[in-house]
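Asker: Single-letter residue listing:
There are 2 protein chains.
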Amino acid sequence: MENSSEKRPLILITNDDGITSAGICALAEAVIDLGDVYVVAPDSPQSGMGHAVTIGGILRIKPAYFPVKGVTAHTTSGTPVDCVKLAIYKILHRKPDLLLSGINHGSNSSINVIYSGTMSAAVEGAVESIPAIGFSLLDHAADADFSAAKIVARKMSMEVISRGLPAGVCLNVNIPKLAPSDLKGLKICRQSAGYWTDSFDERNAPSGEVYYWLKGEFTNPDKGEDTDEWALNNGYASIVPTQYDLTAHHAIANLNRWDLNE
Amino acid sequence: MENSSEKRPLILITNDDGITSAGICALAEAVIDLGDVYVVAPDSPQSGMGHAVTIGGILRIKPAYFPVKGVTAHTTSGTPVDCVKLAIYKILHRKPDLLLSGINHGSNSSINVIYSGTMSAAVEGAVESIPAIGFSLLDHAADADFSAAKIVARKMSMEVISRGLPAGVCLNVNIPKLAPSDLKGLKICRQSAGYWTDSFDERNAPSGEVYYWLKGEFTNPDKGEDTDEWALNNGYASIVPTQYDLTAHHAIANLNRWDLNE
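Those protein sequences? They're chains B and U, same order as listed. The first sequence begins at 1 in the working numbering and counts up by one. The second sequence begins at 1 in the working numbering and counts up by one.
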């Protein structure tokens with residue numbers, strides 16, 4: 001499973017739930033024998049941080065305790081993307097052979113990919129030409145069962161170590177909340193065209209001041225059987241190749257008819 | 001210029017530099033006569049926030065002074081994406097007819113689009129099926145000359161009000177640092193395959209503690225004349241249709257050959 005007969009792959013693990021989450025331990029356990037494993041994770045939860053990067057403030061790095069034997073761990077004061085950059089340039093002093101992010105507590109399928117700190121770390125890996133995978137389990141519980149997710153994470157890590165990934169592409173892997181024996185398999189998918197209908201809970205502070213909490217309800221009108229949502233709802237782990245080229249290439253010809261310079 | 005003979009379009013303006021920036025005033029001035037203009041902007045700078053959304057904390061909204069006559073303005077304590085959601089669901093109580101973000105102080109061309117709070121607001125508009133445009137001027141100066149950017153912003157806003165945009169697509173518009181008379185025109189482009197080579201400045205706090213500042217140098221090996229970087233370097237404003245479907249559709253067939261279920 002190694003990409004060279006001489007040395008073990010260097011595996012960098014990060015996440016957005018922070019270094020104390022169960023998911024990042026599960027991920028490290030799943031791949032600990034596949035290479036030299038370094039954890040560089042946020043010192044506090046960073047869910048919903050999207051592709052945020054710290055450009056107007058300072059960053060700190062601290063050595064950290066990590067409960068999986070053989071792992072070298074650090075925390076940073078930054079976002080998941082900051083963790084990737086700090087790991088490469090200040091901790092490892094090289095690009096890892098594989099970047100893993102997660103295992104996230106909660107889904108990053110469909111439109112969730114654009115809000116996801118977990119996936120932003122994987123996308124940053126693709127930007128840096130590092131084979132990268134983000135893993136998410138469809139279970140928010142602090143004591144979620146990561147058994148099936150660990151099997152998927154190990155399998156996909158081995159595949160990507162041996163095969164690599166196309167340039168500019170990382171993988172968004174979501175795992176349904178199922179026992180390993182009930183998982184039907186792994187399915188390559190496209191991102192489903194689901195969306196959130198948002199609302200805000202309005203509350204009053206003791207001072208009387210009004211404040212808001214974001215709430216939302218996910219809707220998926222996209223019935224395609226090639227989508228991540230279909231796979232997850234039918235017992236499969238979904239694997240979506242994900243890119244950072246946001247160009248809507250299909251719209252260019254249409255826009256060129258606008259004659260903007262007349 | 002109106003999309004209906006009966007009522008003026010509702011135009012929502014946000015940004016990531018915060019409500020006090022010169023760029024958001026320039027944008028409001030550029031479009032004030034095209035519709036009813038509402039500003040909902042962060043109460044402090046949010047550059048580099050990517051598609052961050054506040055899901056683990058509370059949000060506040062406050063009425064705000066805005067120096068352009070006829071504009072109704074609010075600040076929020078959230079990110080640019082939070083501003084869009086709060087504007088729709090708690091301030092306007094409807095979707096605007098046009099969402100404008102910017103004018104950002106600094107480029108959001110090429111790979112910058114994924115880190116950009118300005119563009120995340122526009123992308124959130126596309127997610128909400130609102131025609132949306134992000135504008136950025138290639139000048140970080142607080143006293144930057146927005147003359148050319150205002151002409152481009154007005155032109156593109158009028159076009160999008162009258163023509164709409166394809167589903168799932170917003171526009172990433174960057175304007176070079178040129179006088180209006182030197183601007184050669186507007187060019188529909190793809191996102192260039194540029195990247196940042198990062199480094200970190202290492203410093204010591206008075207306590208002796210080490211901390212870091214992110215630095216970076218932009219490199220663009222992509223010499224295509226259909227890119228935003230080419231357009232900007234050759235005197236054109238660049239217009240990149242931008243989408244939130246991150247699926248690397250071209251990679252699906254390749255990945256399907258991996259036989260992951262054997």
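Source of the hints: derived by calculation from the structure; they are not laboratory data. All residues carry an ideal CB built from backbone N, CA and C; glycine is no exception. Be aware that a few hints might be false.
Stated by the list, open to error - To be clear about the criterion: a stretch of chain U counts as covered by chain B if any three or more of its residues have a C-beta under 8 angstroms from a C-beta of chain B, and this derived list gives those stretches:
(1) 22–35
(2) 41–54
(3) 57–70
(4) 92–104
(5) 137–151
(6) 174–182
Unchecked claim - Here are the computed lysine-lysine pairs in the DSS-like style, where the Cα-Cα straight-line distance is at most 30 angstroms:
(7) U:155 to B:215
(8) B:155 to B:215
(9) B:90 to B:7
(10) B:215 to U:90
(11) U:215 to B:62
Asker: State for each hint whether it applies.
Answerer: Verification of the hints:
1. With 0 residues having a beta carbon nearer than 8 angstroms to a beta carbon of chain B, the region 22–35 of chain U misses the requirement of three or more and the stated coverage is violated.
2. Three residues within the 8 angstroms Cβ limit are the bar, and the region 41–54 of chain U against chain B gives 9, so the coverage statement holds.
3. Evaluation of the coverage hint for the region 57–70 of chain U: fulfilled, as 4 residues show C-beta separations to chain B shorter than 8 angstroms, against a requirement of three.
4. With 0 residues having a Cβ less than 8 angstroms from any Cβ of chain B, the region 92–104 of chain U misses the three-residue criterion, and the hint is violated.
5. Counting residues of the region 137–151 of chain U whose beta carbon lies closer than 8 angstroms to any beta carbon of chain B gives 0, which falls short of the minimum of three for the stated coverage.
6. Under the rule that three or more residues need a Cβ within less than 8 angstroms of chain B, the assignment of the region 174–182 of chain U is violated, with 0 such residues.
7. At roughly 36 angstroms between alpha-carbon atoms, residue 155 of chain U and residue 215 of chain B are farther apart than 30 angstroms, so this suggested pair is violated.
8. Taking the CA atoms of residue 155 of chain B and residue 215 of chain B, the gap is about 35 angstroms. The hint is violated against a cut of 30 angstroms.
9. As the CA atoms of residue 90 of chain B and residue 7 of chain B are separated by approximately 22 angstroms, the hinted pair is consistent with the 30 angstroms bound.
10. For the suggested pair residue 215 of chain B and residue 90 of chain U, the alpha carbons sit about 12 angstroms apart, so the restraint of at most 30 angstroms is met.
11. With a CA separation close to 20 angstroms, the supplied pair residue 215 of chain U and residue 62 of chain B stays within the 30 angstroms bound.
Consistency note: the structure conflicts with the earlier hints numbered 1, 4, 5, 6, 7 and 8.
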